[in-house]
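Engineer: Sequence:
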Amino acid sequence: MAVVQRTTAHTEVVRSDNASGMTLTGTNTYLIAAPEAQTVVLVDPGEAASQREHLARVRQALHGRSVELIVITHHHPDHTGAVEYFHQQLQAPVTAFSSSWCRHTQPVADGGHITAAGTTVQVLHSPGHTSDSICLVLPEDPAVITGDTVLGAGTTMLDHPDGRLVDYLATMDRLIATAEGLTDHPATTVRGLPAHGDPLSDLAQVARQLSAHRLQRVEQLRQMVDLAAFRGRDIEVADPVVQSLATEVYPDVPPEVRGPAVQTVAATLQYLIDHR
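Going by full-length UniProt numbering, the first residue of the sequence shown is number 1, and it counts up by one from there.
Don't take every hint at face value.
[As the list claims (entries may be wrong)] Just the calculated beta-carbon pair ranges, DEER-fashion:
1. E140 with T247: 25 to 35 Å
2. H213 with P35: 35 to 45 Å
3. M22 with V166: 30 to 40 Å
4. Q243 with Q91: 26 to 36 Å
5. G112 with Q223: 38 to 48 Å
6. V3 with A228: 54 to 64 Å
7. R276 with G64: 54 to 64 Å
8. H113 with V166: 25 to 35 Å
9. D226 with E140: 43 to 53 Å
10. P35 with H104: 43 to 53 Å
11. Q91 with G21: 27 to 37 Å
Please keep in mind that the hints were generated in silico from the structure rather than gathered at the bench.
Source: prediction; values computed, not measured.
For every residue, glycine included, the Cβ atom is placed at its ideal position computed from N, Cα and C.
Kindly generate the complete structure, drawing on both the sequences and the hints.
Structural biologist: Below, the structure is given as structure tokens:
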């Protein structure tokens with residue numbers, strides 16, 4: 001793809017060169033700015049291994065603009081590995097939901113707003129994939145930067161025990177409500193801008209599909225296990241039963257995504273135990 005692509009009226013994407021089974025086409029770094037702004041908000045610097053080359057592409061895309069703020073959607077290393085390098089090279093503060101990733105600024109809060117680069121972006125806490133995941137709502141476009149909460153293809157993993165299915169399902173409901181609240185006309189849809197993969201034309205529709213898919217997995221597992229055997233237990237990823245269930249539920253996953261598949265099964269089983 002080109003160094004930079006326009007995704008909405010206020011966003012552009014620069015894709016990191018780290019494509020894999022986990023990252024799909026690579027980590028998407030978004031630049032948020034009003035058309036006339038001389039600064040941008042940069043979302044997700046990417047991983048450490050390709051940070052120098054990726055920063056060079058980002059500088060190309062800036063066209064002389066400066067970075068006013070760096071925002072992290074969640075703590076996974078394909079999003080945060082380059083944080084220190086970008087922070088130092090661009091001399092920009094860093095914010096995230098977790099204070100441990102913040103540099104020279106305060107953490108964002110659910111329902112809060114980021115006003116920078118001629119725009120105002122709303123923060124939506126979106127736990128499920130991880131507990132610290134956030135989405136960024138751009139009402140003017142309308143669009144939502146979804147991080148790994150909603151991907152451009154397939155379904156995200158639930159990083160058990162940090163990522164919880166009960167949170168994920170609630171987040172899907174919030175995304176649906178948020179998307180529907182951004183449009184005045186039923187024929188107008190809200191775009192989803194994922195951290196991996198291509199933009200989604202109708203975020204609300206995708207969120208409904210993802211929620212239904214997860215609930216189907218819940219029912220699949222319900223038929224496969226004796227829940228009484230797990231009563232009072234916290235599910236462990238290393239449990240041989242969980243490992244075996246993951247093989248049955250995801251028989252064809254490549255080795256590089258086997259771990260995330262096991263974690264997702266563990267999170268689903270924990271949901272069943274807690275909410276049966």
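Engineer: Against each hint, give a clear statement of whether it holds in the structure.
Structural biologist: Verification of the hints:
1. Taking the beta carbon of each, E140 and T247 are about 46 Å apart, not inside 25 to 35 Å as hinted.
2. The hinted range of 35 to 45 Å is satisfied by H213 and P35, whose Cβ atoms lie roughly 37 Å apart.
3. With their beta carbons about 24 Å apart, M22 and V166 fall outside the hinted range of 30 to 40 Å.
4. Hint check: Q243 to Q91, Cβ distance near 46 Å, so the stated range 26 to 36 Å is violated.
5. Judged by the Cβ atoms, the range 38 to 48 Å given for G112 and Q223 holds: they are separated by roughly 42 Å.
6. Between V3 and A228 the CB atoms are about 56 Å apart, so this pair conforms to the stated range of 54 to 64 Å.
7. At about 58 Å, the CB distance of R276 to G64 agrees with the hint of 54 to 64 Å.
8. Checked against the hint of 25 to 35 Å, the pair H113 and V166 passes, with Cβ atoms roughly 27 Å apart.
9. Under the hint 43 to 53 Å, the C-beta atoms of D226 and E140, about 52 Å apart, fit the expected range.
10. Distance hint check for P35 and H104: the Cβ-Cβ separation is about 27 Å, which falls outside the suggested range of 43 to 53 Å.
11. The supplied range of 27 to 37 Å is met by Q91 and G21, whose beta-carbon atoms lie about 35 Å from each other.
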